[in-house]
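J.: Work out the full structure: start from the sequences and follow the hints.
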Amino acid sequence: MNPLETLRFAVGGLAANKVRSALTMLGVLIGVAAVIILLAVGNGSSQSVKDSIEKLGTNALTVSSGTGFGGGGAGGGQSSSAATTVKPLTVDDARALADPSSAPHIESVAPEVTSSSQTALYDGASHDVSQVVGTYPAYFKTSNSKVGKGDYFSADDVLNSRKVAVIGSTTATDLFGTANPVGKKIVLGGTPFTVVGVLEAKGGTGFQDPDDVVVAPLPTVQNAFTGFGSVSQILVEATSAGATTQAQNEITTVLMGTHGIKDANALDFRISSQQSLLSTQSDTNKTFTVLLGAVAAISLLVGGIGITNIMLVTVTERTREIGIRKAIGAPRGVILGQFLAESTLLSLIGGGLGVVAGLIGSRFTIVGIKPVIIPESVWGAFAIAVAIGLFFGGYPANRAAALRPIEALRHE
Amino acid sequence: MRPGLRQRLTGGGKPGGHRATGGTARAEEQEEIPGTDDGPWGRPPVIEVRSLLKTYGHGDAAVRALGGAPDPVTGVSPGVDLLVEQGDMVAVMGSSGSGKSTLMNILGCLDVPTEGRYLLDGIDVGGLDEHQLSLVRNRKIGFVFQSFNLVPRTPALAQVELPLAYAGVKSAERRRRALAALELVGLADRVGHRPNELSGGQQQRVAVARALVTAPAMLLADEPTGNLDSHSTEEVLAVVDRLNASGRTVVLITHEDEVARHAKRVITLVDGQVVRDVRQAPADGPPPALRDPAGFLSAAPHALTRGGAV
Chain C
129 MNPLETLRFA VGGLAANKVR SALTMLGVLI GVAAVIILLA VGNGSSQSVK
179 DSIEKLGTNA LTVSSGTGFG GGGAGGGQSS SAATTVKPLT VDDARALADP
229 SSAPHIESVA PEVTSSSQTA LYDGASHDVS QVVGTYPAYF KTSNSKVGKG
279 DYFSADDVLN SRKVAVIGST TATDLFGTAN PVGKKIVLGG TPFTVVGVLE
329 AKGGTGFQDP DDVVVAPLPT VQNAFTGFGS VSQILVEATS AGATTQAQNE
379 ITTVLMGTHG IKDANALDFR ISSQQSLLST QSDTNKTFTV LLGAVAAISL
429 LVGGIGITNI MLVTVTERTR EIGIRKAIGA PRGVILGQFL AESTLLSLIG
479 GGLGVVAGLI GSRFTIVGIK PVIIPESVWG AFAIAVAIGL FFGGYPANRA
529 AALRPIEALR HE
Chain P
346 MRPGLRQRLT GGGKPGGHRA TGGTARAEEQ EEIPGTDDGP WGRPPVIEVR
396 SLLKTYGHGD AAVRALGGAP DPVTGVSPGV DLLVEQGDMV AVMGSSGSGK
446 STLMNILGCL DVPTEGRYLL DGIDVGGLDE HQLSLVRNRK IGFVFQSFNL
496 VPRTPALAQV ELPLAYAGVK SAERRRRALA ALELVGLADR VGHRPNELSG
546 GQQQRVAVAR ALVTAPAMLL ADEPTGNLDS HSTEEVLAVV DRLNASGRTV
596 VLITHEDEVA RHAKRVITLV DGQVVRDVRQ APADGPPPAL RDPAGFLSAA
646 PHALTRGGAV
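Chains C and P are the protein sequences, given in the same order.
The opening residue of the first sequence carries number 129 in our numbering; numbering runs sequentially from there.
The opening residue of the second sequence carries number 346 in our numbering; numbering runs sequentially from there.
FYI, nobody ran anything at the bench for these hints, they're computed from the structure.
Please note that the accuracy of each hint is not assured.
A short, non-exhaustive set of chain C residues, derived as facing chain P with CB atoms under 7 Å [what the hints assert, rightly or not]:
| id | residue |
| --- | --- |
| 1 | I452 |
| 2 | A458 |
| 3 | A530 |
| 4 | P533 |
Quick reminder that beta carbons are idealized off the backbone N, C-alpha and C, glycines included.
T.: This is the structure:
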């Protein structure tokens with residue numbers, strides 16, 4: 129018996145019960161396709177989060193007030209910290225950081241105050257802006273915010289506390305609809321602002337819509353909403369993505385000076401980079417992807433058990449045929465090979481079609497996520513499916529081969 | 346495998362003197378290795394059975410299927426002794442439960458005896474493992490069953506090629522021999538038909554072709570005509586007669602006198618023991634139906650019962 133003949137017998141065996149074979153293959157198909165698609169969805173979502181974080185700028189650093197490293201920030205419970213008082217960040221801190229002699233790796237600095245939930249009015253239309261940011265023009269570059277229409281406000285606007293604003297795309301659509309907002313006057317929390325520009329849509333999967341924002345000069349916002357005093361955070365842009373570590377060290381040194389801190393372990397501010405945010409996000413996504421993969425792997429396993437089940441039925445059904453074959457001299461190995469070939473063929477065809485279905489299915493956007501196929505998952509799922517066919521077909525095939533011819537022939 | 350066994354297994358059938366008409370067997374004759382079989386005592390018998398016993402179950406619950414009741418004094422069963430010569434055509438008769446099916450299963454190496462020795466074509470079958478037994482079944486025995494037992498969904502030609510495929514014969518040679526075998530049973534025009542497209546008689550003839558295609562030492566037929574009408578019975582028996590005339594050893598298991606009439610020798614089993622052994626024609630030479638066709642036809646079906654017991 130050469131392998132080709134064994135294969136021909138196997139195809140004949142499968143063709144004898146077309147519906148049954150097709151349904152068994154469907155089980156494997158769904159399993160393989162599920163593994164490929166779900167892993168692609170998980171991968172796609174982590175890619176999109178990564179992209180949206182990168183949009184914020186990879187060489188940006190955020191300095192915020194608070195103690196400890198990544199710990200509990202501002203608030204009451206600072207008992208473990210050596211810092212007795214927390215000095216808030218001020219515009220002077222920002223000015224100190226902007227000094228190129230003491231911090232050569234810092235490109236630009238933008239102090240930032242934020243005020244949330246101000247109501248914007250325009251010509252009868254009303255919109256609750258989720259975030260009002262008061263800052264310097266450097267903010268736009270540092271936070272990777274680009275103006276689509278109109279222009280940024282200038283340093284001159286900041287110095288003169290002009291009531292001008294750059295608004296986010298969501299805010300623009302909600303207030304103006306399709307009309308061009310540039311040059312129009314809006315009333316924000318009782319203060320009139322002239323819109324000078326509209327930011328490009330950033331989009332994002334975050335909790336907060338990054339496009340629902342109004343950006344205005346720092347003193348204007350302080351004057352109108354937050355009052356003059358501390359700033360909520362300082363955005364710092366490093367000269368390059370590779371210089372973020374040096375920039376971080378320089379910020380620490382400068383701010384320890386301005387805040388009069390001697391102990392490097394008792395800082396009253398925190399520096400976070402997009403990099404750290406990125407790694408946190410990718411960890412979360414990895415968990416998500418593994419979870420999806422596990423669910424898909426279970427369906428693949430169920431498909432494999434389907435093969436065992438069907439092969440057991442086939443062996444029982446064909447007991448007599450096995451008896452005949454043994455009576456005319458089929459050795460044990462040939463019977464074993466024939467049934468193993470059948471089950472492997474089931475998983476091979478099912479797995480192959482599953483790969484095709486998975487590749488096609490991954491071309492569609494699923495729950496807002498564009499799936500990105502992981503090539504290893506395609507090979508892996510296919511190989512596992514074939515291995516499952518061999519493994520799960522082994523038991524029924526062994527049972528068939530071990531049948532005694534006399535009993536098999538008597539079987540009705 | 347023991348030395349010599351492989352040679353014997355691959356040596357094919359042991360041709361008798363009048364084998365010339367056996368078309369499918371010619372290739373086998375050429376392959377035969379001289380000297381392996383002709384020992385100092387001449388050719389071995391095809392079947393040599395010594396004190397064969399077969400029981401099912403153990404202890405008090407044991408059922409004696411073959412070998413007869415134990416001797417009341419010694420407690421030993423006499424067992425079955427049987428010797429079948431090359432070229433003979435033997436009918437084993439007996440009522441239901443007489444042990445003829447058990448004997449057939451043991452002779453066909455489908456079952457193993459509880460006790461006793463069985464030499465098939467000079468090979469002691471008792472000492473063989475499973476793989477060797479499958480080789481023996483493939484090369485030495487051709488089975489014909491009552492219920493045809495063709496492989497479902499398989500055309501006649503592939504059906505007949507199957508034993509050769511298991512024997513590892515090359516595709517072209519296999520096809521040639523299978524076609525010759527089908528021609529021999531008169532089904533050359535039905536090679537592409539599946540079992541469900543053939544009549545009972547045709548199916549049984551395909552089974553006969555499959556049984557003889559490997560040129561086995563013997564053809565073992567278990568009630569070959571049990572499921573057939575009288576016309577198909579005649580067709581199948583005519584094929585078997587021709588095969589025997591060409592030198593093939595045939596063992597028929599039957600309970601029909603009409604079938605046993607065709608045999609050269611009739612063995613009757615009762616309760617697992619041979620009670621009668623009647624020779625109707627010499628082992629060498631054509632079977633009764635071909636020896637005197639006119640006389641055979643005119644004889645009454647129950648003529649057999651007049652034969653005396655040995």
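J.: A separate judgement is required for each hint: does it hold in the structure or not?
T.: Against the structure, the hints come out as follows:
| no. | hint | in the structure |
| --- | --- | --- |
| 1 | I452 | holds, 5 Å |
| 2 | A458 | holds, 5 Å |
| 3 | A530 | violated, 9 Å |
| 4 | P533 | holds, 5 Å |
Of the numbered hints given earlier, the model fails hint 3 alone.
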